[in-house]
Amino acid sequence: MSHKATIPIGPYHPLQEEPEFYKLVVDGEKVVDVDVRIGYNHRGIEKLSESKSFDQSIFIVERICGICSSSHPIACVQAVEDIAGIEVPERALYIRSITQELERLHSHLLWLGLAGHFLGYNTVFMWAWKYREPVCDIMETVTGNRQNYAMMKVGGVRRDIEKDHIPYILQRLDELLTKLEMLKGAVLDDPVLHARLKGIGILTKEDAIDYSALGPTSRASGITADVRRDHPYAAYDRIKWNVITREEGDVFAKTVVRILEMMESVSIIRQCLDKMPKGPIDSKPKDIPPGEGIGQVEAPRGECFHYVKSDGSNSPVRHKVRAPTYMNFPTFRETVIGETVSDATIILAAIDPCYCCTERLLIVNDKDKELMNVSELIKMSQEKTALIKKKMGIA
Amino acid sequence: MKILGYIFSFLVFPGFLFSSIMGLLVGWVDRKVTARVQWRVGPPWYQNFVDVVKLLLYKETLIPAGVSAGTFFLMPVLAASSASLVSTIMLMVNAFPKSGFIGDVIVVVYLMIMPSLALMLGGFASANAYASLGASREMKLMLSYELPFILSLVVPIMKSGFAVKFGTIISHQHASGLTIASASGVISFFVMLLCVQAKAGFIPFDMAEAETEIISGPFIEYSGKALGIFKLAKAILTFIIPIFMITLYFGGINFKGWGFITSVLEYVLILVLMILIKNTNPRVRIDQAVRFFWGPLTAFSIIAVVLAYWGF
Numbered sequence: 028m029s030h031k032a033t034i035p036i037g038p039y040h041p042l043q044e045e046p047e048f049y050k051l052v053v054d055g056e057k058v059v060d061v062d063v064r065i066g067y068n069h070r071g072i073e074k075l076s077e078s079k080s081f082d083q084s085i086f087i088v089e090r091i092c093g094i095c096s097s098s099h100p101i102a103c104v105q106a107v108e109d110i111a112g113i114e115v116p117e118r119a120l121y122i123r124s125i126t127q128e129l130e131r132l133h134s135h136l137l138w139l140g141l142a143g144h145f146l147g148y149n150t151v152f153m154w155a156w157k158y159r160e161p162v163c164d165i166m167e168t169v170t171g172n173r174q175n176y177a178m179m180k181v182g183g184v185r186r187d188i189e190k191d192h193i194p195y196i197l198q199r200l201d202e203l204l205t206k207l208e209m210l211k212g213a214v215l216d217d218p219v220l221h222a223r224l225k226g227i228g229i230l231t232k233e234d235a236i237d238y239s240a241l242g243p244t245s246r247a248s249g250i251t252a253d254v255r256r257d258h259p260y261a262a263y264d265r266i267k268w269n270v271i272t273r274e275e276g277d278v279f280a281k282t283v284v285r286i287l288e289m290m291e292s293v294s295i296i297r298q299c300l301d302k303m304p305k306g307p308i309d310s311k312p313k314d315i316p317p318g319e320g321i322g323q324v325e326a327p328r329g330e331c332f333h334y335v336k337s338d339g340s341n342s343p344v345r346h347k348v349r350a351p352t353y354m355n356f357p358t359f360r361e362t363v364i365g366e367t368v369s370d371a372t373i374i375l376a377a378i379d380p381c382y383c384c385t386e387r388l389l390i391v392n393d394k395d396k397e398l399m400n401v402s403e404l405i406k407m408s409q410e411k412t413a414l415i416k417k418k419m420g421i422a
Numbered sequence: 021m022k023i024l025g026y027i028f029s030f031l032v033f034p035g036f037l038f039s040s041i042m043g044l045l046v047g048w049v050d051r052k053v054t055a056r057v058q059w060r061v062g063p064p065w066y067q068n069f070v071d072v073v074k075l076l077l078y079k080e081t082l083i084p085a086g087v088s089a090g091t092f093f094l095m096p097v098l099a100a101s102s103a104s105l106v107s108t109i110m111l112m113v114n115a116f117p118k119s120g121f122i123g124d125v126i127v128v129v130y131l132m133i134m135p136s137l138a139l140m141l142g143g144f145a146s147a148n149a150y151a152s153l154g155a156s157r158e159m160k161l162m163l164s165y166e167l168p169f170i171l172s173l174v175v176p177i178m179k180s181g182f183a184v185k186f187g188t189i190i191s192h193q194h195a196s197g198l199t200i201a202s203a204s205g206v207i208s209f210f211v212m213l214l215c216v217q218a219k220a221g222f223i224p225f226d227m228a229e230a231e232t233e234i235i236s237g238p239f240i241e242y243s244g245k246a247l248g249i250f251k252l253a254k255a256i257l258t259f260i261i262p263i264f265m266i267t268l269y270f271g272g273i274n275f276k277g278w279g280f281i282t283s284v285l286e287y288v289l290i291l292v293l294m295i296l297i298k299n300t301n302p303r304v305r306i307d308q309a310v311r312f313f314w315g316p317l318t319a320f321s322i323i324a325v326v327l328a329y330w331g332f
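As given, the protein sequences belong to chains A and B, one line each in that order. When the letters of the first sequence are read in order and numbered with my numbering, they come out as residues 28 to 422. When the letters of the second sequence are read in order and numbered with my numbering, they come out as residues 21 to 332.
Check the hints yourself; a few may be wrong.
Rough simulated footprint, nothing fancy, chain B against chain A, three-plus residues with beta-carbon under 8 Å [to be verified]:
# : segment
1 : 31–42
2 : 107–114
3 : 149–155
4 : 219–225
With a Cα cut of at most 25 Å, we get these calculated SDA-like pairs of lysine to any residue [said to hold, decoys possible]:
#  : chain 1 : residue 1 : chain 2 : residue 2
5  : B       : K52       : A       : F152
6  : B       : K185      : B       : P84
7  : A       : K157      : B       : W314
8  : B       : K276      : B       : F92
9  : A       : K225      : B       : R60
10 : A       : K57       : B       : S152
11 : A       : K417      : B       : S88
12 : A       : K225      : B       : R311
13 : A       : K31       : B       : P84
14 : B       : K160      : B       : A309
15 : A       : K157      : B       : P84
16 : A       : K157      : B       : I122
17 : A       : K206      : A       : E167
18 : A       : K157      : B       : A55
19 : A       : K206      : B       : T300
20 : A       : K225      : A       : G212
21 : A       : K411      : B       : A149
22 : B       : K160      : A       : I65
23 : B       : K160      : A       : A222
24 : A       : K206      : B       : F93
25 : A       : K416      : B       : A55
26 : B       : K52       : A       : A222
27 : A       : K157      : B       : R60
28 : A       : K31       : A       : S78
29 : A       : K225      : B       : K160
30 : A       : K31       : B       : S152
Calculated directly from the structure, the hints in this document are not laboratory data. From the three backbone atoms N, C-alpha and C, an ideal C-beta is built for every residue, glycine too.
Start from the sequences, fold in the hints, and give me the full structure.
Right, here's the structure in full:
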C-alpha cells in the first residue's frame, strides 16, 4: 500500500511572495516527486517594451523586478549600445559597477533575511533587513532612489556621484562592513544552522552544468562562472576582485557564497570610488541603426540576458529577456527529491527564486494567421478551470 | 456549596478566566521581548486580548467539508479545559500547599499532555494535508520530549523524599533547600526548560505549526471561536509552565511580602529564558528534534537522576 500524499506549495503560500505552484508528492515527510507549474505571473513586459522608445524601454525593464532593478536596465542599455557600437565614458562605467554592487549587497542581505524567516529564525530576518538600510541609504545618495534607481541610459548614466558624497558613502560602507562581519559570524558559526543547512539540497557539479545553473547557485556547486569576469562589462576588468566558489553544492554552501560575495561587493565599491576618473558620464548617442545586440549582466541571482533587435526606428522590434531564475529553478527538482518537507522550503529558497523576472509567454504566429483570439483564450481558461474544479471535486 | 466553589475556582479564579487573562498578558510579554530583540517596537499590551475577542465574537467559524464536527470542535474545548485544570491545581497548591492530593504531580503531567493531544487529534480530524503533517509531527515531538521531561521531573520528587505531591515538594524545599541549589537540580532544570520549550510549541521546536512550511499545520482549518479557544489553551499553558517549574525547582510561589517579588522575578527569568531560546535559534527538523531529546537530553536527565540518588 502506498502512503503517498500531495503537499501543495502555492499558488498562495506563506513561503512565497509571488504566486507559483509546486506540488510535492510526499511519503510521510520525504519528498518523492515534485511537479512545478509556472505562469501565474505573466505581465507582457517584452511586448510592452516593443511599444516604447529605446529611452523608455529601460524604465519598463527596470520594473521587471524590484530587486534586480539595476541589472535589467544595465543589460538593456548594453544590448542597445551593442547595436550601435556606442562607446561609454569611463566614469559612467565605474558608476554602473557601483550601482550593480550596491544592488547585489541589498539583494543578498534581503535573501539572507528571508532564508532566516523560512527557517523560523525571525531574528536573522529582522537583523539582516535592518543592516540593509545603509545600502538603501547609499543607493539614495548615489541615484536619488532607494529602489528602482532610474540610473541607466543608453550611452552612459543619468546621474553623477558628487565628490562631497564620497566620504559619506565610505562611512556608511564601513558601518555596513562591521555589521556584515557580525552577521557572517552569527550565521556561519551557529551549530543549529549548520545542522539545518549542511548536506541538504545538494546540487552536484554535473547537474549544475546539465541544468545550466547560474550565479551563486552554480558557484556553490564548484563552477567558476561569473559574467563579470568571463564577459567583463562596466568597470569589472579594471579592478581586482575574486569569484567566490564552494564545492559542496548544499544550501549552506549557497549561503556562504552569498555572504562572502557581499564582502567582495564592498571591496569592489571602494575600489571603484577610489579609481573613478573624472570626465563626462554620457556619450549622448543620437540614432540607433538597424541590427541586433545582446547585453549580459551578472545579476545577484546569476546571468541576466537581454536581446534587442532594432530596425532603425526609435523603438525595439524585438526585446527578449532571460532572467537567471529561469535557468535556476528547474534544479529544484534535482535537489529536493529525497529530502524532507521541512527542507523543501529552504532548498527552494536557496536558489533565491524571482518569478516575476522569469515568466515569459511565447505566441507562435503562423504566417499572420490568427491562432487564438481573446475570447478563445478566455474560453480555454474557463474550460481549464472547470477541469481543475472537476478533478478536485468541487462544483 | 462546595461543588459551587470548585466550579468557581475552575471557571473563574484561578481557573479558566484568570489564567486566560494572565496567559494573554504573558503572550504580550513574549511578543514585546521578541520585538525588542528584533529591533521592532512590538504591539501594545492589549493586542492579544483584541485578537482573541475578535476571534471569539466577530469571526465566522467554519467547518471543513466532510469533517466530523464533534471531534473537530471538541478538541479546542478539551485543550482549554485541561489547561485550565492544570492552572487551577498549580495555583491552588502554591497558595495553599496543604490543599493538594497525593499524586497531583502525575495528574498535572497527564493534563499537560492533553493540549498537545487535542491539537494532534484536531489536526487529523481536519482532513487537510498540512494539518495531518503537522499533527504527525506533533505526535513524534510529544513522544520524544516526554521521556526526558518525566525523567527530569523525577529529580525534584526524589529530592523531597519521593513525594508525588506538590504540597510536600514545596514544603520540603522550604525545610531543606531548593531543588535548584543542587547539581542534579540544575541539570534537570535545564533539561526541563528545553522540554517545556517543545511543550509550549516555541521555536526551535515549533515544527508542528511551522508557518513557512506547513502553514500553521493543525490550526489551518480552525477559524473563529474554535481557533480562539485553541489560542486561549496555548496561552494558559504558556502562563502555567514557568509556575510549574518554580514549584518544582524554586520552592513554589510565595504570596507574602518580599517573597512575592522574588517569585515574580523567578517567573520572569524563566519566561525570558524561554523567549530568548526561541529568538536565537532556527526551527529544527523533526528527526533532529527526536535525536536531540532521546540522545543528549535523556542522557543528561539520567545523569541528574543518578546524582540525585547519590544525594548531590
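Hint by hint, here is what the structure shows:
no.: 1; hint: 31–42; verdict: holds (count 7)
no.: 2; hint: 107–114; verdict: violated (count 0)
no.: 3; hint: 149–155; verdict: holds (count 6)
no.: 4; hint: 219–225; verdict: holds (count 4)
no.: 5; hint: B:K52 / A:F152; verdict: holds, 17 Å
no.: 6; hint: B:K185 / B:P84; verdict: violated, 43 Å
no.: 7; hint: A:K157 / B:W314; verdict: violated, 38 Å
no.: 8; hint: B:K276 / B:F92; verdict: violated, 44 Å
no.: 9; hint: A:K225 / B:R60; verdict: violated, 30 Å
no.: 10; hint: A:K57 / B:S152; verdict: holds, 14 Å
no.: 11; hint: A:K417 / B:S88; verdict: holds, 24 Å
no.: 12; hint: A:K225 / B:R311; verdict: holds, 17 Å
no.: 13; hint: A:K31 / B:P84; verdict: holds, 22 Å
no.: 14; hint: B:K160 / B:A309; verdict: holds, 9 Å
no.: 15; hint: A:K157 / B:P84; verdict: violated, 41 Å
no.: 16; hint: A:K157 / B:I122; verdict: violated, 54 Å
no.: 17; hint: A:K206 / A:E167; verdict: holds, 20 Å
no.: 18; hint: A:K157 / B:A55; verdict: holds, 13 Å
no.: 19; hint: A:K206 / B:T300; verdict: holds, 17 Å
no.: 20; hint: A:K225 / A:G212; verdict: holds, 16 Å
no.: 21; hint: A:K411 / B:A149; verdict: holds, 24 Å
no.: 22; hint: B:K160 / A:I65; verdict: violated, 35 Å
no.: 23; hint: B:K160 / A:A222; verdict: holds, 19 Å
no.: 24; hint: A:K206 / B:F93; verdict: violated, 49 Å
no.: 25; hint: A:K416 / B:A55; verdict: violated, 42 Å
no.: 26; hint: B:K52 / A:A222; verdict: violated, 29 Å
no.: 27; hint: A:K157 / B:R60; verdict: holds, 10 Å
no.: 28; hint: A:K31 / A:S78; verdict: violated, 49 Å
no.: 29; hint: A:K225 / B:K160; verdict: holds, 23 Å
no.: 30; hint: A:K31 / B:S152; verdict: holds, 13 Å
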